[in-house]
Amino acid sequence: MAAIQLKNIIKRYGSGKTANQVIHGVTADIAHGEFVVIVGPSGCGKSTLLRMVAGLEEISGGEISIGGRVVNDLEPAERDIAMVFQNYALYPHMSVFDNMAYGLKIAKVPVDEIRTRVDKAAKILELGPYLTRKPRELSGGQRQRVAMGRAIVRQPQVFLFDEPLSNLDAKLRAQTRLEIQKLHRELGITSLFVTHDQVEAMTLAQRMIVMNAGVMEQFGTPEEVYTRPATTFVASFIGSPPMNLLRDAPDARPGTIVGIRPEHLDITPGGWPLRVEAVEMLGAERLVYGRWSHGSGDEMVILRTEESHAVPALGAIIHVTPRPDRLHLFDAKTGKRV
Amino acid sequence: MDKRVVFRSAWLPWVLIAPQVLVITVFFFWPAAQALLLSVQQSDAFGTSVEWVGLDNFRNLWNDETYLASFYTTAIFSTLVAVLGIGLSLMLAVFADRIVKGALVYKTLLIWPYAVAPAVAGVLWLFMFTPSVGVVSYWLRTMGVDWNHLLDSRHAMTLVVMAAVWKQISYNFLFFLAGLQSIPKSLIEAAAIDGARAWRRFWTIVFPLLSPTTFFLLVINIVYAFFDTFGIIDAATQGGPGKETSILVYKVYYDGFKAMDLGGSAAQSVVLMVIVVVLTVVQFRFVEKKVNY
Amino acid sequence: MVERRPLLNAFSHLILVLGVVIVAFPLYLTFVASTHTASDIVQAPMPLLPGAYMIENYTAAWNGTGGGNGSKAPVGQMMTVSLVSALIIAIGKIAISLLSAFAIVYFRFPFRMFFFWAIFITLMLPVEVRILPTYQVVSDLGMLNSYAGLTVPLIASATATFLFRQFFLTVPEELVEAARMDGAGPMRFFKDVLVPLSTTSIAALFVIQFIYGWNQYLWPLLVTTNENMYPVVIGIKRMISGGDAQTEWSVVMATALLAMLPPALVVMLMQKWFVKGLVDTEK
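Chains as they are written, first to last, in this note's numbering: chain A, 1 to 338; chain B, 1001 to 1293; chain C, 2001 to 2283.
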C-alpha cells in the first residue's frame, strides 16, 4: 500500500556554472500510515523537500515514489496527495463548503458523493455550523480546520503539511496539535509534516527527518534522535535547552567533542569547576549557566537543577560531574557520532 | 515582482496574449512607426511622390513661427490649467477634509464634471460666454468689460482655460482628498501640541507630505492640458482667433487633416511623442521614489 | 483639524458650497436653456429660471427635428452609437487585458518581458499623438464609419493590463498551489478563482473606460463622416453652425444634457468603484 520513497533527492536552482544546489541527496523510506515530521531551522530545505513530494517544485535529481509509483513527472493533482498550507490558502470568495468541494468538483465526483464526503469531514473537524460561511468570517483556527477538511475529502494516499501551525497563537497551536494527532489516529493516512519547531516535531512524529542545510542528518524516532543524535547539529537542535557540546573536555580524546545534556550534569564536589554567570528560574526547575575556564579557552555550560537544590549565587564556583553513561562523543571535524 | 508559482504550458500564454499584441501592433506600433517615417518624408499634395528629406521637416518646424507660437501657447495654456486646477482643487480638498458633516454630499456634487466630455464642456462654456447671447458675457458687459473671445485672444485663452480647469477640478479634488486622508492624524496632533497653528501646520506639515500627490497631479494635469483638451478647443474656439489658442495637438490635427501637410504634421506628432515620453519617464522615476518614502 | 473652530467650520462650508455652485452653474444654465425656446435664449440676458418648453426641446433633439442650421442628426440615434462604442471599448479592453495580464504574471515563456515592455510603452502615447497614421491604417482596413474603427484603436492602450497585473501580483501564491492540488488547470483557475477575486478592479475599470469611451472626441471626429455613426459628443459640436444667432441653442443644450446623462449616472451610481479605480490606475 502507500508508502513514500525518496531516493537520493537533489534540488538545484539555476544551471551550469551558477547552479546552486540546496538539497543534497536525501534518501528515506516512509512506511504506510506513518506520521513523519521533517524538522530543521529556516532555510534548511524542508519546505522545498515537501514541495517536491507535492509536485510544486521540480525534482533536479533522484526519484520520488508514492504508493510504489514514481511521481517525478506527475502533476500535483495526479499524485493522489493533499496539502495543508501554512497560510491556509482558502479561496476567499467561496463558502467553506465550496472550498472543500472544489477539488472534487474538478475531478467530476458526483454531487451526492461530494455532499457525503464534505459532511463527513465537517463532522470530524466540527465545522458543521460554518459550511455556508466565507473564510473571512472565520477565526484562524477555524480556517486551518477548513484547510484540513479540504485535504481530507480528497481521500488521498498522503497528507502533506507545510508548517500549518506557524500562524496560530501558542494556545491554539497546542490545541490543533492534539487535533492533528487525533485525526491521524482515526484516519491512519501517511503524513509528511514540516515544521521548524522541535517541540512540535517531538510530540507529533512517529519518526522524524532532521535536516540542516539541505542534508538529512538523521532519520529516526523521537527517542532515537534525542538519546542517540547522529551529529552535533541534531544534538544541539533537538532538546531545549540544547545539549552542551564541549571541545576541550578533560580526559577526552583529542579531536572529539563531548556532549552532555543539561539534565545529566550533577553538582558534586571535585567535578568540573564552573563560575555561575546566570540563573534562570523556570518554576519546576532551574537553569544554571556556568563558565568553565580550562586549557585553551572557556565554554559555557548549562545544567538543570531541581527545586530541592539550593540556588547557586552569581559568581560562585560550583562543581559538576557528567553521568558517564550519558556522554556523547562526536568527531570534531565531521560532527558525526563516534 | 515575479510570481514563484507558474503554470506550465507551451502554447497557452501565446494564445492569451495574442489579442492584445495584435491590437497594439496594428493600431499602435505600426502607426507610430509610420509617423516616424512620414516625419522624415515630404509628399506632395496628391500623395503621388514621396521624397526623403531627412530632418528637414523638423528644421522647418523650428523655423516656423506659427509652430513656435503654438509651443508658446501650449506652454501658457498648460501652466495656467495646471496651476489653477491644482490650486483650486487643493483648497476645496482641504476644506472638505476638515468638515465632518456633509462630506459625502460635497464629494458627490464635486466629482461629476469628470463625466462631462471635454467637447461638451467646451460647448457649455462657449454658450455662457458667446459675445452676443451668453449670460456671463452679458454680465461682464454690464460691468464694463467688453467680452469678445472671437476677437480678443486673451479672452479666448481665458475661456478655454476656464473650461479646462472646470472639468479637471473633480479629478484633482479626489486625489488631494485621498492624499489628505492618508496623512496620519497623529502627525497633525503632534504639531498642534508643539504649538503650530492651522496655517503653519498646513504649510510645514500637510503640504510637504502631500508633495508626491501634488507632483503626480502636476504631471497628469500637464498631459491633460496637452491632449485631452482637444475637444474643448475645437468646440469653443477652433484654435482661434487666428491661431491664438491653437495648442500643439490642435495644430497637428489642423495641419494633418485640414491643411494636408502630412510631413509637417507627422513631424509635430513625433515631437509630441518625445515630450510625452519624457514626461511619463519623469513621472515614473519620481512616483517610484514616492512609493519608497 | 484639531481645534474646534465653529467660525472656520462655517467658512469651510461656505467655500465648499461656493465651489459646488461654481461647478454646477454651467450645468444649471444648460438645463434652463434647454427648457426655453431658441428665440427666448438669444435675447440677452437669458432668463435664469426654467421655462416651459422642456418637452418640445428634448423631443426635437431626440428625433433630430430641431431648427437651426447645424447638423440635425437625431440624438436618440447618436446616443445609441455612443452607448455601443463606450460599451465595446470598456468590455473589450477589460477582456483582452485580463487575458494578457494573466499570461504575463502566471506563465513563463520566451520574450515574456519583451511583450511586457511593449505593452508598457503603449501607456505612454495617447491616440492624439498618432492620429494621422492610425487614421491611415483604419482607412486602409476599410474600417472608417464603423464601430470597429471607432473602438478597436482605442483598445490599444495598456492601462487595464497594468491594473490587472498589479492586482494579480497581490494574489497569494498559495491559492494557485491549492488550485493545482485541486486539479485546476490554468484556465479553470482563471475562471473560478482569479476573475471572481478581481471583480472590484473590473468594476472600477469599467467606470473609467466607459466614460473614456463615451467622451471620445478627436478620434470619432476623424473616422466618422457619416451622420449615422456620429457619437453624441460629436453631434453636439456639429450642431453649432457659424454665427451663434443661427444656432438653436435650446436644442443644443438639451442635447448636451442628454449627452452628459449616462456618464454622470455611471459616476454617481458607481462612485465607490470609480474613486478606487482612479486612485489605483495611476499608481
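Check before you lean on any hint, since a few could be wrong.
Stated by the list, open to error - To give an idea of the interface, some chain C residues facing chain B are shown, with a C-beta separation under 7 Å as derived from the structure:
#, residue
1, L2016
2, V2020
3, V2021
4, F2031
5, S2100
6, R2130
7, V2137
8, S2139
9, A2148
10, G2183
11, R2188
12, Y2212
It is worth saying that the hints were derived from the structure and are not from the lab. Just so it is clear, CB atoms sit at the ideal spot from N, CA and C, and this is done for glycine as well.
Taking the hints in turn, this is what the structure says about them:
1. For L2016 (chain C), the shortest C-beta to C-beta distance to chain B is roughly 5 Å, which falls under 7 Å, so the interface hint holds.
2. Nearest Cβ of chain B to the Cβ of V2020 (chain C): about 5 Å, under the 7 Å cut. The hint holds.
3. A hinted interface residue such as V2021 (chain C) counts as satisfied when its beta carbon comes closer than 7 Å to some beta carbon of chain B; here the least separation is about 10 Å, so the hint is violated.
4. Of the supplied interface hints, the one on F2031 (chain C) is violated, with its beta-carbon coming no nearer than about 11 Å to a beta-carbon of chain B, more than 7 Å.
5. Among the interface hints, the one on S2100 (chain C) holds; its C-beta lies about 4 Å from the nearest C-beta in chain B, closer than the 7 Å criterion.
6. With its C-beta approaching chain B no nearer than about 5 Å, R2130 (chain C) sits inside the 7 Å limit, and its interface hint holds.
7. With a least beta-carbon distance of about 6 Å to chain B, the hint placing V2137 (chain C) at the interface is held under the 7 Å criterion.
8. Annotation: interface hint on S2139 (chain C) violated; nearest CB of chain B at approximately 11 Å, more than 7 Å.
9. With a least beta-carbon distance of about 11 Å to chain B, the hint placing A2148 (chain C) at the interface is violated under the 7 Å criterion.
10. Of the supplied interface hints, the one on G2183 (chain C) is violated, with its beta-carbon coming no nearer than about 13 Å to a beta-carbon of chain B, more than 7 Å.
11. A cut of 7 Å between beta carbons decides the hint on R2188 (chain C): the least distance to chain B is about 10 Å, and the hint is violated.
12. A distance limit of 7 Å between C-beta atoms decides the matter here; for Y2212 (chain C) the minimum to chain B is near 10 Å, and the interface restraint is violated.
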